[in-house]
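Enquirer: Note that the protein sequences, when read in sequence, are chains E and B.
Note that the numbering used here gives residue 494 to position 501 of the first sequence, counting from 1, and the numbers run on in steps of one.
Count along the second sequence from 1, then add 22; that gives the number in the numbering used here.
Simulated from the structure, these hints should not be mistaken for lab results.
Even glycine gets a Cβ: it sits at the ideal position worked out from N, Cα and C.
Please note: incorrect hints may appear among the correct ones.
For each label pair, taking beta carbons as the anchor points, the in silico distance ranges come out as [unchecked claim]:
#: 1; chain 1: B; residue 1: Ala196; chain 2: E; residue 2: Glu498; range: 39 to 49 Å
#: 2; chain 1: B; residue 1: Glu184; chain 2: E; residue 2: Val420; range: 17 to 27 Å
#: 3; chain 1: B; residue 1: Pro199; chain 2: E; residue 2: Leu320; range: 55 to 65 Å
To be clear about the criterion: a stretch of chain E counts as covered by chain B if any three or more of its residues have a C-beta under 8 Å from a C-beta of chain B, and this derived list gives those stretches [as the list claims (entries may be wrong)]:
#: 4; region: 370 to 383
#: 5; region: 406 to 414
#: 6; region: 419 to 431
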Amino acid sequence: MSRKHWSLHCSYAYPVSLCALCLCGSFAPAAELKIGSKIMVESRILGEMLTHLARDAGATVTHREGLGGTLVVWQALLRGDIDAYVEYTGTIRAEILSGKGVRGGGAMRRALAEQGILTSWPLGFNNTYAIGMHEATAERLGIRSISDLRKYPDLRFGFSNEFRTRADGWPGLQKRYGLPQTDVKSLDHELAYRGVAAGSLDATDVYSTDAAIRQYGLRVLADDLQYFPAYQAVILYRTDLTERATEAVDALLRLEGRIDEVTMVDLNARVQIDGKNQSVVAAEFLNQLQRQPTQVGAAPEPILAAPAEAIVESSAGRLLRLTWQHLGLVAVSLAAAVVVALPLGVLAARQPALGQVLLGATGIIQTVPSLALLIFLMPWLGLGATPAILALFLYSLLPIVRNTLTGLRDIPLTLRESAVALGFSPVARLRLVELPIASPTILAGIKTAAIINVGTATIAGLVGAGGYGQLIWEGISLGTGGTGLMVQGAAAAAIMALAVQGLFELAERLIVPKGLRLKPE
Amino acid sequence: MASDFDVIYIRGSKMLELRGVSKSYGQADALQPINLRITPRRTTVLLGPSGCGKSTLLRLMLGLLRPDSGTILFDGQPIRPELRRRMGYVVQDGGLFPHLTGRGNVALVAHHLGWEEGRIETRMRELIDLTQFPWDGLDRYPVQLSGGQRQRVSLMRALMLEPDVLLLDEPLGALDPLIRADLQADLRRIFQALGKTVVLVTHDLGEAVFLGDHLVLLRDGRIVQEGTLADFVERPADPFVTRFINAQRTQLDGLASKGARP
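Pulled out of the complex, with its shape left as it was, chain E reads as follows (with noise of 0.2 Å):
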């Protein structure tokens, strides 16, 4: 594994420090901190920031990123598999502490705290729904807040579909603002993007932090009325955190208040549009935050001991590293399910009824979604491998346990009478005579698991169990811009499971007993 090493040379005034920072590590051992985050980029550049933090802090840091959404994230954090990632408030009412009216701040920090999850201060920018206008028209116009839009009834608004018909999206807004306007359509989020920018439509919806606004050249406008609810990021952290990691926690905390809308726009513009890594951006901010005065008149406050260094690993690294650890996934999960599978197709076959109930659960097992399946996993096995191959596992077993059950079955009457008639005992035929002739369709069946392992561990990627469900999900974070990636991870596990295909026609021809593989002269 080749890994490139991308100095980020800020300053060159740091030997004082970076000495300080060596006495402090021989006092006490490295504290160990994961940090989490989701799939977006948003989120994967904040996880990036917080791991630069606390490794400046001294401690041993472990990005575990792009998980597969809040649920996923939240049941690491509660387990410990995470210690620290970065939340939403709005996201934190509505999906963690769902159903429990939790209304203002204060509660809904009780609230986590009793889980034992503490909350940072809002990191300053707010990621919610909102308003965005051409720069030039708003400019044109004099329009700065929603309320503005009240002056010109005539504006043609296009809004992604679920904006537009959902009661907290436009009718909501309309309703609170008195907005007059009449020309509303619902269209594809990204042509409305481009509507607005070539001015055949005058305002869509955005996330307020959506790179979309850089690349479109958007002004977002002022909810002044307060209409859409907040979405403040915020950093979730583990209370048992506090006692092992002060100095890392400290360092996450500084990051409070630092990054507002216009500044995270603009990372994520850096990653999304323009293609730099994510690490490498959130290196460039905390290091350039260092060197400016948060606040007229106060001291420059640093909040780096040493410029953050990202470690970028080379493309053709990450994918040897990725291929691996997708081999590993297929290879133990469908060895497993050939132990299990072989004895209960067996079993079906001898005991009908019994096959029956077989082939009906391993189905059912087929139908659960895999994403939920990992999530349902999630509280007993946590992140990592081993949920993502314990899924697997089972979606391998109704193959398997079908083909051992049709191949056993399909035998002719006669050849399993005269196996009977030859005196021998069940165990016999079954070795001798019942498994090598069912063996061709045996072997189909787990070559049928194995194509679709390939193919189901890409879900590894969102517990963090790597594998090319990395590449793609990355690449569909990224939007337009991570179509590259989304086909590189694709096409490879396209060609590792031609490759899997290849390899077992080979195996058919040591397994499957050659007087099966004859053409009849």
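Given the coordinates of chain E, work out where chain B should sit on it, guided by the hints.
Expert: Positioned in the frame of chain E, the structure of chain B alone reads:
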């Protein structure tokens, strides 16, 4: 085993006997309660139209099916799985295991029982001589063999352990006429050479008469009549016997006049 058989034969004990054996599949009665004694060292033919229960009867004798009522005695004792190796079984399509060569099929049980290679080789040579199967054909897989060759391998497999009884279920049923005639002649010669108890199932009267010493005619799961062809012709127990014979006799006569039969 052959010596055991001789002792029993001298004692006059019946090798295979069915007492009040019946078997039904679901609603339809496949076999009414049947009493039947198989004469040792002779060839008994179970004869009758399709669905008369003759194959069921044979599979009951082997213990492949359990009777609903009655007992099947082998050497005067109820049939047990352990007795299966004293019976050889040949089915219509040969029942050869497709994943094994001819040799593999014939020697499968012997290998499983741990016979020495020399003993297996000797026994196989005897069987090759008996069945007149080409030696090099033994290394071929079932799909590479003709129908007649498959039946010969199947016969060798059935005879490998020198069973006391040989049971054949329509052994010539799937063969084309010329091969069928060849194998029929060979079978008669083999049965005579072996001098074993043979039970053969067929629907073909000519084959039954040609191979059998004792005919058992079945219809709708009952034995209609037992005896020789002469008994059937001269003293039919039922009009069905005459009908069955006449239906096939016209074919036989036709074949005889063309000189196609040995």
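Enquirer: Each hint needs a verdict: does it hold in this structure or not?
Expert: Hints versus structure:
Remark: the range hint 39 to 49 Å for Ala196/B to Glu498/E is contradicted by a beta-carbon distance near 33 Å. Our hint of 17 to 27 Å for Glu184/B and Val420/E holds, since their Cβ atoms are close to 25 Å apart. Our hint of 55 to 65 Å for Pro199/B and Leu320/E holds, since their Cβ atoms are close to 59 Å apart. Only residues whose beta carbon comes within less than 8 Å of a beta carbon in chain B count, and the region 370 to 383 of chain E has 0; fewer than three means the coverage is violated.
Only when three residues or more bring their CB closer than 8 Å to a CB of chain B does the claim for the region 406 to 414 of chain E stand; here the count is 7, and the claim holds. Only residues whose C-beta sits within less than 8 Å of a C-beta in chain B count toward coverage, and the region 419 to 431 of chain E has 5 of them, enough to reach three; the restraint holds.
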